[in-house]
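Peer 1: The chain contents come next:
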Amino acid sequence: MKKYIQNFNKYRYLLYELVKKGIVLKYRHSYLGIFWTLLEPLLTMMVLTIVFGGWYGKSDQSFPVYVLTGRLLFSFFSTSTKAAMKAVQNNAKMMKKVYVPKYLYPLSAVIYNYIIFLISLIVLLGVSIVLKVKPTIYLLQAIIPLTLIFVMSLGVGLILATLNVFFRDLEYLWGVALMLIMYSCAIFYEPERLIKTGNDWIFAINPVYHVIANFRESVLFGQPLSMQYLIPSILFSFGSLFVGIFVFYKKQDEFILHI
Amino acid sequence: MKKNVVLKVDKVGIKFNLSQEKVDSLKEYVIKLVKRQISYDEFWALKNVSFEMEKGDRIGVLGLNGAGKSTLLKVICGVLKPTEGTIKKHGKIVPLLELGAGFDPQYTGKENIYLYGAVLGYSKAFIEEKYEEIVKFSGLKEFINVPVKNYSSGMKARLGFSIATVVEPDILILDEVLSVGDAKFRKKSEKKIMSMFEDNISVLFVSHSLEQVKRLCNKAILLEHGHLIAKGSVEEVSKIYLEKLEQD
Chain G
431 MKKYIQNFNK YRYLLYELVK KGIVLKYRHS YLGIFWTLLE PLLTMMVLTI
481 VFGGWYGKSD QSFPVYVLTG RLLFSFFSTS TKAAMKAVQN NAKMMKKVYV
531 PKYLYPLSAV IYNYIIFLIS LIVLLGVSIV LKVKPTIYLL QAIIPLTLIF
581 VMSLGVGLIL ATLNVFFRDL EYLWGVALML IMYSCAIFYE PERLIKTGND
631 WIFAINPVYH VIANFRESVL FGQPLSMQYL IPSILFSFGS LFVGIFVFYK
681 KQDEFILHI
Chain H
338 MKKNVVLKVD KVGIKFNLSQ EKVDSLKEYV IKLVKRQISY DEFWALKNVS
388 FEMEKGDRIG VLGLNGAGKS TLLKVICGVL KPTEGTIKKH GKIVPLLELG
438 AGFDPQYTGK ENIYLYGAVL GYSKAFIEEK YEEIVKFSGL KEFINVPVKN
488 YSSGMKARLG FSIATVVEPD ILILDEVLSV GDAKFRKKSE KKIMSMFEDN
538 ISVLFVSHSL EQVKRLCNKA ILLEHGHLIA KGSVEEVSKI YLEKLEQD
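Chains as they are written, first to last, in the working numbering: chain G, 431 to 689; chain H, 338 to 585.
By construction, these hints were calculated from the structure, which means they are not laboratory data. Note that this is a predicted model, so its numbers are computed, not measured. Some hints here could point you the wrong way.
[Said to hold, decoys possible] Quick partial rundown of chain G residues pointing at chain H, CB under 10 angstroms, derived from the structure:
#1 525
#2 595
#3 623
#4 680
#5 684
[As the list claims (entries may be wrong)] Label pairs and their computed distance ranges (CB to CB):
#6 G:609 / H:566: 55 to 63 angstroms
#7 G:610 / H:364: 13 to 21 angstroms
#8 H:535 / G:463: 44 to 52 angstroms
#9 H:478 / G:668: 18 to 26 angstroms
#10 H:425 / G:675: 26 to 34 angstroms
#11 H:489 / G:484: 54 to 62 angstroms
#12 G:457 / H:367: 36 to 44 angstroms
#13 G:545 / H:489: 55 to 63 angstroms
All C-beta atoms, glycine included, are put in the ideal place defined by N, C-alpha and C.
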């Protein structure tokens with residue numbers, strides 16, 4: 431254990447450099463730069479509000495906040511797991527030449543996306559103020575879903591990164607899976623619509639939805655976290671992290687033979 | 338471990354599974370699994386290789402194509418993990434293999450100095466301290482804020498060489514002699530390597546050219562089909578190597 435911590439400390443600066451690289455390169459050639467982090471969710475929120483709020487006739491004033499909370503969390507999960515999945519492959523060249531602890535690549539991919547995600551929460555704050563969503567004491571619990579989504583993305587990302595070394599077509603499969611997860615996350619519709627039809631099991635098995643639901647409880651509805659969702663999402667997050675670390679650790683020495 | 342041994346390679350073996358066809362998609366894998374067609378041929382790229390390197394040794398690694406020379410270097414750098422056996426290292430290893438392979442093309446030269454330095458395990462303070470020296474040695478001052486994708490391959494190699502050699506390594510690993518950049522830079526880089534030699538560092542040097550090995554090394558090892566068949570002074574080993582060459 432001590433050996434691993436020592437090794438991590440030696441490469442801490444590399445982790446910092448990789449995270450920085452991710453953020454810097456993402457917006458390098460755009461005029462508005464890092465400002466897109468704010469603009470992009472704002473624009474998609476508007477589209478989703480117009481389509482699912484306006485055209486489908488929903489006139490709840492706080493609907494944009496509802497959409498935004500779901501979209502921000504889901505898109506972090508989606509982009510970070512995708513980035514982590516490709517991280518080993520993208521750095522293959524480097525890995526073949528110099529020894530570097532390999533987990534740094536997926537880890538840095540999740541971290542830099544998380545930083546971008548945290549910055550984009552400013553939009554949520556702004557929209558909430560404009561639409562007069564009142565903050566309550568329960569806002570403080572938001573830290574729990576925000577932590578869980580990070581742990582979950584890292585765990586799932588590590589599993590995907592490992593599998594993707596051996597099976598390249600996972601990239602496309604995961605894209606399809608993400609679409610399914612998105613539609614079952616109640617991002618732009620209310621969960622009651624599914625529950626009414628007796629399909630509430632869809633939410634019961636979707637850990638990303640659990641996190642979104644609890645995030646909304648704290649940010650939007652001002653309610654205590656729902657235990658029904660909290661416990662399975664904690665179990666899933668740390669379970670996937672544990673499995674992720676385990677499979678990555680077991681298989682990392684074989685990566686070099688396949689990339 | 339003896340005191341002045343910097344590298345000890347002990348009964349190292351590397352096994353590759355060579356599948357008949359490369360299976361890297363899930364679909365193929367499932368199909369082949371169902372048809373029970375997944376079979377591997379075992380292939381030992383290195384088998385039972387042992388040698389020691391003392392401080393100040395300059396060992397040439399000789400062998401024909403496919404003898405396992407590059408694999409041996411990769412094992413020593415830590416890129417590949419040996420299937421069996423152990424490797425003990427003392428001190429900092431600097432590999433000068435395919436310089437600049439770790440650059441990010443979208444990053445500028447300056448940013449890549451920091452990134453590549455971090456990859457090689459340098460600290461931030463160290464890179465900052467040596468930054469001027471690196472830029473000066475590479476001779477890329479006016480291009481340092483240009484993205485590396487616009488560099489010529491010679492420029493990339495020059496930058497890579499300058500970053501990698503800014504530390505004083507204990508063990509230097511060279512794959513072929515560096516034919517980096519133009520004639521002027523080549524001279525400069527050879528001079529730099531020679532000055533490192535004088536600092537009593539240990540060198541592991543792979544080359545096909547017996548001339549170069551004789552010129553640069555004092556010891557040599559000879560690999561054939563993954564087995565170490567000779568080790569000793571460069572004269573003895575190169576004699577065996579020449580005999581082997583004539584046999585074929």
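Peer 1: Which constraints among the numbered hints does this structure fail? Numbers only, ascending.
Peer 2: 3, 4, 9 and 13
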